[in-house]
Each structure stands twice: as structure tokens, then as C-alpha cells.
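Participant: Sequence:
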Amino acid sequence: MHRIQRRELLIQGSAALVAIAAIRASPAYAFPTQAGEEVVPWLDQPTENPNPDGIKTQLVWEDLDSWITPNDKFFSISHFNRPTIDEKTWSMEIGGLVKKPLKLTLADIRARPRQEVVFTVECSGNHGFPFFTGGIGNARWAGTPLAPILEEAGVLEKGIEVVFFGTDESEVPIRDVKMKQSFARSMSLADAMNPDNLLCYEMNGAALPAPNGFPLRLIAPGWYGIANVKWLKRIEVRDTRFMSVMMARDYVTIREEDHNGETVWAETSVGRALLKSAPAKVTRKGSDYAIVGAAWGAPIDRVEVQIDQAPWAPATIDHSEEAEHAWKIWSLPWANPSPGEHTVTSRAVSTTGQVQPAMDDPLIAKKHTYWESNGQVTRRVKIA
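Take the sequence shown: its letters are residues -30 to -1, 1 to 354, numbered as in mature numbering (1 follows the signal peptide of the UniProt record, and there is no 0).
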């Protein structure tokens, strides 16, 4: 599975030139859908999900019609079991290398200062498999900041790593031994103290749904979904780097790197989200066509779209709803598309000039695991 379909999204379109109309200077609002507008379905649909218990409720790109993803349409992933938790008996411990260990109930956490953040969460395996293309969603998360709680506990001088343990657990085989382990991820103390990090109990104005981590989860804006630990039960400060199954043995990106003509295999733990975009849908209203998509993972400067092998054209970003850690919705009018099959590819460009890599870029082509699949996404569509 580690080499599965690394290049399944390579551009396959014809070289036919297509007239593209784009007016960046004028306002463009992708939502709501206009009356009489129809979605032209993609030809390349995801294959059947072989793990419906572990991966639930993926985003259907053609259904994207709002900046915020509704709770019932938000993707959910479980690596171990999906625990059922009674909030009346639930509590969370903060311990390890701290001066004052804490034990907090949900009521204790709700009584603390409330903070919101709009954050687009993406699984780092999204677009890494032909059946997994909807592991992303944008929500308004609410909870209490993590940093003041760590400050109250008083991290000791030796403490450098903060580990987040979930209630979900499983037996994990390590060599010849099976060990019962809770899901766990960690980050450095400096990263954990980011004021944007929340102990989250609310999603889009409602209690956190069970599939998304009820009663409490970590929300770490700017990080891949794997770092946003669900069903929290313990936070522990340690004096060494934490090397769990989800940090050092799985969710590890393996990539070939060229060092003066010598191939070196680099292994890095999945952490912060990477720059990415994707076409969401093609719409038609009468004889007018448009392409709508999203871009995320870094501060976005612009998005460009290529139809078949035509030159890249600038899309227009919808600025009607924005937030620092949320995706940006973009659109591009498509004038007079010729009948037949076409390919649509998007690439995002960050404010620092970084360009979303093509599928033949060494960053993607020399990657031998499916994590951090941020290569350019190409979709196929047929115009009648």
C-alpha cells in the first residue's frame, strides 16, 4: 500500500487549447449556488472505500456549496476503536513534568475563557488513495486555549514535549509483542503553547459530535488532522521526544533526496499541513460554465487553473468569507468549452511564492508513502 497510486492524478488531458475567461479584478462569489445552475459530474469518481468503519463521511467535492462544512458532512477517521464517552464521568488529566497536576471535567473546561477559530482540517492521506479524496472540511471550532492550562500546571524546566492521549485504543504489534496503546500524538512545548491551539468542545455552534472527538479534542490550526487528537483523556509533559506508533512508525513520509548525486532516503514525521488546492466542481448555467475549487494549507496569494494543456489562468478568490486558517474558495469562468472530455488542474501559490508541486515534481514523484499528498489535483470532466 505504501506505493499505491502515487501518480494516479497525473495530467491525462489532451493538448487542445481552450478559451479561458478570468477577470480577477471584479468580485466573485462562489456561493450560494445560483438558480438554474447545474453541476457537471466528474468522470473520475473515488473508488469504493475498503474501510468504512475507519473512514466515514468523506467530503463530496461536487456538493461543496458552503464555506463552512456542516457537521453531518464532515469527514471522520478512527485509527483504533470509536469510544462511547459519558461526559458526566469523563475527565482529563494534565500531568508529567508539571508542578501542579490538574484534573478537569468538561464543566471545568467550559467555565474557562471561550475562544473560536475557523480551521480547515485535512487528513495527510487525502488524495493519497483512489478511494480517499474527501478527507477535508472547514469548521468553526470553539473551546478554551491550551496554553493557559499548561501555564497553570507549571511546566518544569526539563519539560520539552507535550503528549496528547486519546481514549481510543488498540493492540499494536511491535516486533513480536502486542501492546495495548491509546492513540497518542505529541508536539514540542513551544508548538503546544501556540495561542491558537484549543481544547475544543464545540463544532459549528453545536456540541462536538462523537465521530469528531466528543467530548473534547485538540484543535491545532495549521497542522494535519492526525495531530488534532480526538477523544482526549490525558495531556502529559515529557523531557524527551515522543516516538509512538502514530509519530515514528506510521504517519511517516519516506522520500528520496538527491545529495550531490547520491540518493538519500529521508523519513519525516507528518506534522504541519502543506500548501494545496483542488478543483471542486464544474457548473453550468445555460451555456455558461465555471470551475469552482478550494485552496488551503498556507497563506494563499493566488490560484491558477489549467484546462487540458492550455496555459495556466488566474482564478478569482472569493473574499466574502475568510479566516487565517481556513480554505479559500476560488472560481474561474470557462468560456465556450468544446464538447468532449477535458482535464482540470489547479495549483495554489502562497504569499511567500511557494507553488503547489506538480505530480512529477521530485517532492511528489520521489515520495514513497501516501502521506502529505499535496501534489496538484487533476480531475476529468465531459462537456456534452
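Everything labelled a hint here was simulated from the structure, so no lab data went into it. Be a bit skeptical, because a hint or two may be false.
For lysine to any residue, the following SDA-like pairs were computed, each having C-alpha atoms within a straight-line distance of at most 20 Å [claimed, not checked]:
{"#": "1", "residue 1": "352", "residue 2": "86"}
{"#": "2", "residue 1": "58", "residue 2": "161"}
{"#": "3", "residue 1": "43", "residue 2": "56"}
{"#": "4", "residue 1": "352", "residue 2": "73"}
{"#": "5", "residue 1": "26", "residue 2": "65"}
{"#": "6", "residue 1": "148", "residue 2": "270"}
{"#": "7", "residue 1": "73", "residue 2": "59"}
{"#": "8", "residue 1": "336", "residue 2": "229"}
{"#": "9", "residue 1": "352", "residue 2": "292"}
{"#": "10", "residue 1": "255", "residue 2": "203"}
{"#": "11", "residue 1": "150", "residue 2": "245"}
{"#": "12", "residue 1": "128", "residue 2": "161"}
{"#": "13", "residue 1": "336", "residue 2": "209"}
{"#": "14", "residue 1": "255", "residue 2": "128"}
{"#": "15", "residue 1": "336", "residue 2": "255"}
{"#": "16", "residue 1": "203", "residue 2": "65"}
{"#": "17", "residue 1": "58", "residue 2": "230"}
{"#": "18", "residue 1": "73", "residue 2": "63"}
{"#": "19", "residue 1": "26", "residue 2": "268"}
{"#": "20", "residue 1": "70", "residue 2": "209"}
{"#": "21", "residue 1": "352", "residue 2": "9"}
{"#": "22", "residue 1": "336", "residue 2": "230"}
{"#": "23", "residue 1": "255", "residue 2": "177"}
Participant: Can you confirm whether the C-alpha distance between residue 336 and residue 209 stays at or below 20 Å?
Facilitator: 34 Å, violated
Participant: Given the hinted pair residue 148 and residue 270, is their Cα-Cα distance within 20 Å?
Facilitator: Measuring from Cα to Cα gives roughly 44 Å; hence the hint is violated.
Participant: Would you check the hint for residue 128 and residue 161, treating anything up to 20 Å between C-alpha atoms as holding?
Facilitator: 16 Å, holds
Participant: Regarding the pair residue 336 and residue 230, is the alpha-carbon distance no greater than 20 Å?
Facilitator: Given pair residue 336, residue 230 holds - Cα atoms ~16 Å apart, limit 20 Å.
Participant: Between the alpha carbons of residue 255 and residue 177, is the straight-line distance 20 Å or under?
Facilitator: 38 Å, violated
Participant: Check the hint pairing residue 26 with residue 268 against an upper bound of 20 Å on the C-alpha distance.
Facilitator: 26 Å, violated
Participant: Does the structure keep residue 255 and residue 203 at a Cα separation of 20 Å or less?
Facilitator: 50 Å, violated
Participant: Is residue 73 close enough to residue 63, meaning Cα to Cα at most 20 Å?
Facilitator: 4 Å, holds
Participant: Does residue 65 lie within 20 Å of residue 26 when you go C-alpha to C-alpha?
Facilitator: 33 Å, violated
Participant: Quick one, are residue 70 and residue 209 close enough, alpha carbons at most 20 Å?
Facilitator: 16 Å, holds
Participant: If you draw a straight line from the CA of residue 255 to the CA of residue 128, is it 20 Å or shorter?
Facilitator: At roughly 62 Å apart (the allowed maximum being 20 Å), residue 128 and residue 255 break the hint.
Participant: Please verify whether residue 336 and residue 255 have alpha carbons no more than 20 Å apart.
Facilitator: 41 Å, violated
Hints 1, 2, 3, 4, 5, 6, 9, 10, 11, 13, 14, 15, 17, 19 and 23 from the list above are not met by this structure, while the remaining hints are.
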